[in-house]
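All chains should be built: construct the whole structure from the sequences, respecting the hints.
Chains as they are written, first to last, in my numbering: chain A, 1 to 249; chain B, 1001 to 1638; chain C, 2001 to 2223.
These are calculated hints, taken from the structure and not from any lab test. Don't take every hint at face value.
Unchecked claim - Partial list, computed: chain A residues near chain B (C-beta under 7 Å):
#1 C63
#2 Q85
#3 F129
#4 A133
#5 E139
The structure presented is a predicted model; accordingly, all values stated were derived computationally and were not measured. Cβ atoms here follow ideal geometry from the backbone N, Cα and C, with glycine treated the same way.
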Amino acid sequence: MKLNLKIWRQENASEKGRLVDYQLDGVTTHMSFLEMMDMLNQQLIEKGERTIEFDHDCREGICGQCGMMINGRAHGPLANTTTCQLHMRSFKDGETIYVEPFRSSAFTVLRDLKVDRGSFDRIIQAGGFISAATGQAPEANSIPIAHETAEAAFDAAACIGCGACVATCKNSSAALFTAAKVVHLAILPQGKLETAKRVDAMVQQMDAEGFGHCSNTEACEVECPQGISVLHIARFNFLYHQSRLMSKT
Amino acid sequence: MNGLNANIPEGALEDKWSNFKEKAKLVNPANRQKMEVIVVGTGLAGASCAASLAEQGYRIKSFCFQDSARRAHSVAAQGGVNAAKNYKNDGDSVYRMFYDTIKGGDFRSREANVYRLAECSLALIDQSVAQGVPFAREYGGYLNNRSFGGVQVSRTFYARGQTGQQLLLGAYQALMRQESLGKVKTYTRHEMLDLVLIDGKAKGIITRDLVTGEIERHAADAVVLATGGYGKIYYLSTLAMGCNGSAIWRAHKKGALMSGVSWIQFHPTSLPQSGEQQSKLTLMSESLRNDGRIWVPLKDGEQREAGLIPEEERDYYLERRYPAFGNLSPRDISSRAAKERIDAGFGVGPMKNAVYLDFSRAIKAQGKAKIKEKYSNLFTMYEKITGINAYEQPMLISPAAHFTMGGLWVDYQLMTSIQGLFALGEANFSDHGANRLGANSLLQACVDGYFIAPYTIPNYLADELKAERIKTSHPAFDEAEAQVKAKLQQLMESKGNFSVDHFHKTLGKLLYDKCGLSRSKEGLQQAIEDIKALRNKFYTDLKITGDEHLNSELEKAGRVADYLELGELMCLDALQREESCGAHFREEYQTADGEAVRDDEHYAYVSAWEWKGENEQHVLHKEPLTFERVSLTVRSYK
Amino acid sequence: MVKAKGTTTQAYKLWMALTGLFLCVFLVIHVLGNLQLFLPAEEARIQFNWYSQLLSNNIIIKVISYVLYLSIIAHVIYAIILSLKKQKANGVKYAYDQRGAVSPWYSRNMGVLGTIIFLFLIVHLKDFWYQYKFTELPLDAQGQKDLYTIVISAYQELWYVILYEVGLLALGFHLLHGFFSAIRTLGLYHPKYVKLAKWVAWAYTLVITLGFMAMPIYVYLSN
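Next comes the structure, spelled out in structure tokens:
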């Protein structure tokens, strides 16, 4: 198939970017979207042009490094699918495809489609952990955890940190990302003890990074590659209010 | 060169690790803050080591090439992690796990190391649970296990099909906690380009900031490489695109020995290549082999669809050749058997490069609902990638390069042949011998990082305390930086005709063919010549566009340049080892019915290769393997 | 720990939810009051004017009404603050944006709907609340201010009825997302009760919106 591509090119964080047109022929339906991008890059090399920079690594939907806005949707037209798991059979011959980076002022564009998601790391640093140092652990079976609780914790912990939730959010909110970690740790007995401190610190950091507020449109759940439920945001809200109501300051 | 002394502690097998820990030297807490350790790689081994050392009070610099420490390829491991907890009361023990692992590795690993791996597996589960890893639980709230290939007990702990991700997030979060406490500084989007030696000891690294392109110097009292495996050398593999062997290779060129270089595991249940543009072979969990039957058509040149081929015209070759283990035969054996059929012309699929993994009998016997419950995520993933509904048609699977048992030679303390340079996880060669058992890779990475390095690195640092703290203005840094810059400039100035990917793909094909699932003397000799030629062409006919700032092509070029040297050593290692063991199958050394023939009399040693310079022949050192507890047997799965 | 400057977005959201829910309660009282207009004309006049007087004289209701004014103002101010923060958070706009495909349009346009409601509210307050409170009105047979006549005569104009229907439709969609979103923001997370809350939100929105919308049409048609 033949495609018309409109791809965002930007030299670096401080310069302005723009959409550039490319034509690509010979794309087959079983190629992945990123393989199509590889193919385009090979053609650019042949022409002596700088290749299009985009983030990707595992190409099996788990590392969370890839992520682009494809035809105006985070990770492209499919729900709950990373960019690397999107295949060209989702597009039509002759189609025009727009490709842009994930946008939010908390995600700086580094070059072309690569963005800096260090803000996510800093939210985790604020409190997204259990303070258990190596060697402090008691025997694993001494803390029984109900099957349902373990499964619920997994549902939250499955987040791959790709940033699609932020990219698709009309407010660029990191609520789903933050909530997933807060809830994962809060519902486990090991992590419960630090909940109040954790949720407060993570909310502060989320704001300090410049993410917006959550207005419950639920778009994030649709685009989330792991389908993390927006109910985690509700529970995160609950835990936050609880921590504020019970706090001593 | 300190000879090849593995420094195995005295005492009975069971006591060696305790004996070591009792006598290991310590650094007092006030002094720890003065000492700095560089950890390259933030996967399970790197993150856990960095966090654990930071908890002790050392200052840590942690490096990764990804945009966040959480993305290291440990994240992609699906199946689980082994531990000899014996929660199932099915006869498991540390000894049995040790035995399974050493046998699975075809008796090409050290007894003491493997025993320690099994011993520390117990604490790992405790540690992960304390960090909040949501392992699967029984309804009573206790931890659940499942069984995995190559063993007779249930000792695999798992978190659905994302065990690696969950373990990694535990380690990542521990690392982030230390960063928030100011003990760790992480450098993301940084790639290590060289190791700096001062008086023969590892004292720092040269890195490149992948965003700005700046070359940076980092000094430390010890350097840890936890950079994973080099399976991406085959281009098409189950590894992430960025996985590379550059850090260990550059350490190798500074004097660290490489071992078991050609021992590379091919995973039997990967998706086959479907086109020339393909960049990655996706793994389907091995658990599918519990219910799927593997077959190819019996007739040569079969044209019919799978469903139209009658039962008697199908060749269930694993069940035929290995009736005892059947479809659950170990990875090396299953992969090789698939290759044998594909090479014989019975491959299926559009490129005739796959075998069928058929669930029709399981669906008939257990019902579609039951199969859906067990594997729905895998079937969905399969359909996402191939567009085929595997409830109705058999899956197409094929072996793919997956895990490198080989790596930097390390002693019992995980120190390489360079003083102060440690290698952890898949980057070292140690515990898996010639073939790794399923669910042991996560284990080894974690055990190295959480439980071994935090004892052995301080043991080294205690003696370094009196040494002068190194500054990055030291001439050794000048020299290393100049070399790195010259190399980058050489690559940037290449104005030939072919892209980096062209060379990588060519090398990959060559290695799949000549140094893959099976190897032969002639093939390997030919491959060495071909790689040399390809390397020459690389330096004369490479084409790189873009600038010296953020430039993926330049990053890839550096990695492929290293692969072009490493690939040659792989072939050399395979050529030198004139036996078949584990993942290494030499066509000359097989029984009449195609089974591997090991040669314990001549090859019960670890090959450790020394770099002698560009275009010089590698020198082989041998570390003999002595087995005091186990007797060497033939691995039979018939 | 890093402290965000000033109030967190979480706190703003909580105030949006609390003020919004309070306004939702008020709407129930309002729509109940309106129901009196469906009575036969003379009965409706006495009943409605009595009710209006009750609301404006009772001290408790007076206090509540001040809370109500404050809530409206706070709801608007917080909405403006959040909207400005959001614009800052979004940074550069997408050149091609199809994000709307995965969420209901009204949930994404609460600000637009809110603005329509706000403009509508100005007209509404000017024509009834202001007239009742601050102007001389004719008295009915009981000697109460005759708001009934003002209301009935207002809805004789077709354009005025249409204006109301548009304003109320905006209110309906605003409520459809707002009521449910407020409950979410407060932190109701149990799937079972979330389902119930969704159902209640729909029922509430339908009853309130149709209740309000029916009145002007009824008055227009029956006179």
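Evaluated hints:
Because the smallest distance between the Cβ of A:C63 and any Cβ of chain B comes to about 4 Å, under 7 Å, the interface hint for this residue holds. Because the smallest distance between the Cβ of A:Q85 and any Cβ of chain B comes to about 6 Å, under 7 Å, the interface hint for this residue holds. Nearest Cβ of chain B to the Cβ of A:F129: about 4 Å, under the 7 Å cut. The hint holds. Checking A:A133 against chain B by beta carbon gives a least distance of about 4 Å; that is within 7 Å, so the hint holds.
Evaluation of the A:E139 hint against chain B yields a held restraint, the C-beta minimum of about 6 Å falling below 7 Å.
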